[in-house]
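Sequences listed follow chains V and L, in order.
For the first sequence, counting from 1, position 312 maps to 312 in the working numbering; every step adds exactly one.
For the second sequence, counting from 1, position 113 maps to 113 in the working numbering; every step adds exactly one.
Source of the hints: derived by calculation from the structure; they are not laboratory data.
Because the structure is a prediction, the values reported are computed rather than measured.
Note that beta-carbon positions come from the ideal geometry of N, C-alpha and C, so glycine has one too.
You may find that some hints are simply not true.
Claimed, not checked - Mimicking BS3-like on lysine-lysine, the simulated pairs with C-alpha atoms at most 25 Å apart in a straight line are:
no., chain 1, residue 1, chain 2, residue 2
1, L, K527, V, K118
2, L, K298, V, K226
3, L, K158, V, K134
4, L, K298, L, K287
5, L, K8, L, K522
Unchecked claim - Each pair of labels, with its calculated beta carbon distance range:
no., chain 1, residue 1, chain 2, residue 2, range
6, L, T414, V, G148, 24 to 34 Å
7, L, T319, V, G137, 46 to 56 Å
8, L, E144, V, G137, 42 to 52 Å
9, L, T3, V, I9, 37 to 47 Å
10, L, L14, V, E115, 56 to 66 Å
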Amino acid sequence: MRWPLIRYIPRATKFRFVRWAPVAAVFSAILIVGSVASLFVQGLNLGIDFKGGNALEIAMSRPVPLADLRSAMNQIGVHDAQVQGFASQPNSAMVKFLPAEGQAPSAASANVERELVKRFPDLKVTSRSEVGAKVSGELLMSGFKALGVALLLTLGYIWFRFGLSYGTGAVVAVIHDIVLTLGLLSVVGIEFSMTEIAALLTVIGYSMNEKVITFDRLKENLRKYKTTPLRDIIDLSENERLSRTIITGTTALLALGGTMVFGGPVLFPLVFTMVFGIIIGTYSSIYIALPLILVWGVKRNDDDATPVKFGAASRP
Amino acid sequence: MLTLSRWKIIAVTLSVVFGILFSLPNVLPQKTLDAMPAWLPHQKLNLGLDLQGGSYLLYEVDTEALHRERLSNLMEDTRTQLRSEQIPFGELNQQGEIISVRIGDPARYNDALNLLRKNLGAPLAGAIGGKDVSVSGKGDNRIEVRFVPEAIKADAVKAVDQSIETIRRRIDSLGTKEPSINRQGENRIMIQAPGESDPEKLRAIIGKTAKLTFQMVDETVTPEDMQAGRIPPGSEVLPGDQYAPYYVVKKRAIVSGEELTNAQQQFDPQSGNPVVQLTFNASGGRKFGEMTGRNIGKRFAIVLDDKVLSAPTIQSAITGGSGIITGNFTVQSANELSLLLRSGALPAPLNVEDQRTVTAELGADAVKAGSISLAIGAVSMFVFVILAYGLFGGFAAIALVVNVLLIVGIMSMTQATLTFPGIAGLILTLAVAVDANVLIYERMRDEANAGRTPMAAADHGYKLALTSILDANITSLISGLIMFSFGSGPVKGFAWTLVIGVFTSLFTAIFITQVLIGWWFKTAKPKKLPIA
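Isolated chain L (complex conformation) (with noise of 0.2 Å):
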């Protein structure tokens, strides 16, 4: 074994250049590293949040909000369908999931299920000629409409996706350094920014819901029926702006945020003030034109979140495919929404589960902590193996040097994170590390004892050693890799940092030694063995 093959050699020699080539941008001044040619490595170390300063963010998609409002429209579109073809109807009410009606005229019964059953819904995805809301009759004239399963389960994968889309259009605009946006989970998204040590400016841009609608006010109810509460189904009562505390309108939006192609903060012409312009695409152009041109001399209520921003009376039909939104702005502010305007609604809310913001002040001063440890750790454990082997130790020292090189090179090749944990996983490496090569020379130790020339023992050190090195190593990757797949943030960066030691300890503990003590036998031809 201890023979110097020449693949042993060439592959020690290969691991310690490709160890000092990837780790090196680590040490080498940012200065240096530009000016070297491009086939070289430039990647450093993937610091964590942790490491380096930076936002974590983890939302999670409301999307239960979301079916509770399609419901609410699926409600409102059954009501206007029996409306518009005039069948008598009462009792449309929602319980949980189902929507029930129930038909007055009991001859028009089958008309209102065939109406109901043609104009509900919306084709469901992957399933052909399959509908995303179910109609059935139910006894005593009733029918109840409802969601199909799959079509709840579709409409939070799609919101889902689409809020991950729109939050990095948010943040891209934001213009913040390399952004990482993950589904987490079912419903979650993990946001992190590095370097963004102001997650509340974040927050402010990301979690905007940002949903405007165009809809009509309900001039038919008075002051005074509000005050009541008397308000008619269909409508809603929403918060205002200066003008008006509240605002009654109708549920129903006439054009809605989806269908702009541009918001642009501006300058009103008349006042000064500044506003929003919006562009239309064809489709919200037409139906803008035609509620404003049916509708002259009535009010509209632009409203954001729920929210009325202003609501202008109509003037004149606006055709053009664009229009201006006026309200409270300041110049940020009008700025702000044409952003979010223009990067898109979030289909659903976003609640904020976990945030952590690490300073990049306090960032450095864990790198300083983790540099520091690291070097003392390692520094006092090749004084005890050179003090406890010797010459041999100095081998398994000169061994941990390179499994440090790997590990690093590695890391950063990879571009795996290196979390603060991940530091103190990577100093517990080096230490288990170290137990193959005690494993190795306790072996050649006993060996020698029992007789076997200084070679023999050495070379059956190796082979015996073996067994138990790779059965312990073995349970060790076993543990890493349940730590990445199950754990989250830190601990994932730290189950790496030990599963790629596995290897690279393995690696080193029994080639690079054993290529140095074959190489100290063929030059010393010791007649006794250091260790023993």
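Bound conformation, chain V alone (with noise of 0.2 Å):
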């Protein structure tokens, strides 16, 4: 039994991770500039969930022309036309349009798929969406309120649990984790769909997750080495734990890896978000959330410090 793998991991690094995070710092801030400045400049590519609108999914039994396609869609006179292909699908095609005004929504998709089928005999609709522009705006107002209040909850937690220095430090971290998540989808343009939403919900759980593991370790080693100074704690605590890091967040990847390749186009914007998620948030565990525990300090060899049990096996 020689193969496992943890026999590689070096199981003691000492890595003098403070001792970047102002550099970390400085690329985040950067990272984060850029993404603000995208979201003003380019805003996100809002999917019709959000901006309403229709969609049809269209399938051939041919690679779909989409040039042809997209002049049919030019002729037929509709708003806005779009068509889009999908590189791992090429028989199949999206096209997405804004009704023209005063028509109804489900009578413009009718009349674009027979259009459509007309001048493409093989054409199939496989799947229709008309979204109406006021339920689309009440569903992105949702959306956010669902991050907000998942957001503060999460804060909440933190600061009964650890303390506010660690409920700052993690929320910042997390927003950190949003802002650059955002910004990278309005880069790449990826649509924000409603699933969108989910993924970036995913994002801060795992995000938070990080978090919780990392400081719960310096909350034990802050107890064991009561004199050590807080810098070098914080140190020892990110090398403690780098082993699991590596091998938790491989697993994640791995995990997804498989639906990103074979997820279809449907699913690909979801998991390349929560791919994006994962690495972002343990990069923003490491050099964010914990260095911020720093600038603001932690009571220390305090009693108010012991943390809230929970039915749990006490320590040692």
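Once you've looked at the hints, go ahead and assemble the two chains, each given alone in its own frame, into the complex.
This is the structure in structure tokens:
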């Protein structure tokens, strides 16, 4: 039994994470400025979930002639016609448009479908969606409300469980993750839909998970080494957690990797966002959340700092 | 902790049995499933519309249109009441929510006020002696009539309830398989019809208001008057049939579709054309009889959704409580109209807010893509975790398999909907589940390196990792629950998968591996931890 990989992961690393934190802070700041700028300049590519409009997914018995389809859409006379092919599935494509002024969305879809079938007899519509402008706005609002509430509640939990400076560190780091993820979505132009909100919430979940696990170790070490400087304890805790972080991160990426390749075009944006979220969440745990605790400092050797126990086994 | 107490073994065995039993229907062919005894679980995963194909419709009940109509009826009632007592009045108009009228004869002002207070409006449910209309006197011989706010709200609630009922009846008569019709928010109705990939057919049936009324044709208006727009108050112009493009009819309906007990497609014995035969209830039959008796030789209009279907001349009193409506029907359109009339009118128009359809074919592709990615994700995780931790990794992999079985079993049992994003949620749940085992094993390793015996190290690994695991899962649970309460549609499915996953992962990652490792210690009696 020589093969368990864990033997090859160095046991006692001595990376000076905190020393690099200022560099990381500058790096993150640049990325955040870039993300915010992109969000303002380019905005998110809102899908019909949030913008309203019509979408038809079509399938043909041969690779879809995208250029012909595009010119056909322009002839039909709808607004904002977009034709989108899928690299992995050349026989299908997505057509999006806004119905003409005063036209019922469903009538517009039916009309476009009829016109397309007239031009391409082997074309079949496999899925159609029509979302009204009103419901789409409400969806976006409720989506962001969900993000906000989830963030506040987890902040509350971490504050209650560890203390305020931990909670602040975690939330700043998680907001950092969300902004960068949104920024990436904006730069790459991935369509922002209801499932992207789900992906963002998962990113929050994973990122919080990372933070909580490191906080836990930090807290324990603070009690163990009462006189060691905080900065060294942070480094120590991160090093102790490193092998776990690598293994868990790799597993998560492996699990999603299959979906990224085989999940098809519909699932791709969701998985892409999650993968980025896992990477950025791991980064921000190490370089944002923990160093921030150093900035604010923590109470040590204080009875108040005893963690609340949930009937869990007590520490030795 | 690693002692194999009886309850632990029982819990683990039971959960494995449960997981296998409840997820089994998903892989068995339908024939085997049908042959299984009734006490065994038969429920398969409830696939979302995005996975199995089907239609999703979100309607908004236009309660404002309903309210506008009620206001205009109230104005007509005010006019009729004042006329019936021959109280002179003028300046009857509606401004926003308020209907105001000026009484011409100051001496009869109080009469008018009492009359309107007595006769307008209906009792308000839930308020003793309260009415849904308030009548108040303003100086200068003016009277203001309006609906009380509670009535407006109650009307809207009732309209949505009634719409849901009507839609249900209409969909049932179509024979669509297991549709779900739910209220969403204040005035929305969500319809999910799995397997129904022709939303146009659904919509054609659901969206029609099907408001049928019988109204007298206003014979006093000449075609010239109509052209010049001289329409008396109390009458209205409606688009017509093949005989006349427009009709002027009295606004007040004499009989309406609510008084119907039945409607059926038949053939007109005289012309042989398809017609719709109506049967009225007692009060409707009486009103219909009176109206036709009083107006022989005049015409009445059969109005459906503000369009005149036909305007026959009354030959004789129709007293039998039934009648036929003719129009330019085909057998199919007569059938459709009868269906709509039977299921009742919608109290208010419906606006489509969101409509999505996925063909079953695309749904099947989605299931295939989802299963393949799930399988590949799971297998690569198994391989990796075994590579990382050897034997203990194998235990973790077994726990993962049980985890999948449990999630699938619980979702089949509770008939929670599995959506496309839900599959992604499932994959991520598995990834985070591994984290619990990683934490435990890392702890064991630390403890073993600190000089504990293998047994004690393993034991402490579980104990010490538990807090971290709980913390991490509680945060996951929080975001899952938030998604569940705020999200809709696919996000809800995703959240549900996540929430179930938190519980099953906690259980499998901690208990299954513990029992397996405990059993291994008992049989192998190792001198050294395999991961140290």
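Cross-check of the supplied hints:
Restraint check for L:K527 and V:K118: the C-alpha separation of about 77 Å exceeds 25 Å, so the hint is violated. For the hint linking L:K298 to V:K226, the alpha-carbon distance of about 102 Å lies beyond 25 Å, and the restraint is violated. Straight-line distance between C-alpha atoms of L:K158 and V:K134 comes to about 23 Å, which keeps the hinted pair within the 25 Å bound. A threshold of 25 Å between alpha carbons decides the hint, and for L:K298 with L:K287 the separation of about 16 Å falls inside it, so the pair holds.
Distance restraint check for L:K8 and L:K522: the Cα-Cα separation of roughly 15 Å lies within the 25 Å cut-off, and the hinted pair is therefore satisfied. Taken as a hint, the range 24 to 34 Å holds for the pair L:T414 and V:G148, whose Cβ atoms sit roughly 29 Å apart. Separated by about 55 Å at the C-beta atoms, L:T319 and V:G137 satisfy the suggested range of 46 to 56 Å. Judged by the Cβ atoms, the range 42 to 52 Å given for L:E144 and V:G137 is violated: they are separated by roughly 36 Å.
Checking the proposed 37 to 47 Å range against L:T3 and V:I9 shows it is violated: the Cβ atoms sit about 31 Å from each other. Between L:L14 and V:E115 the Cβ separation comes to about 59 Å, which falls inside the hinted range of 56 to 66 Å.
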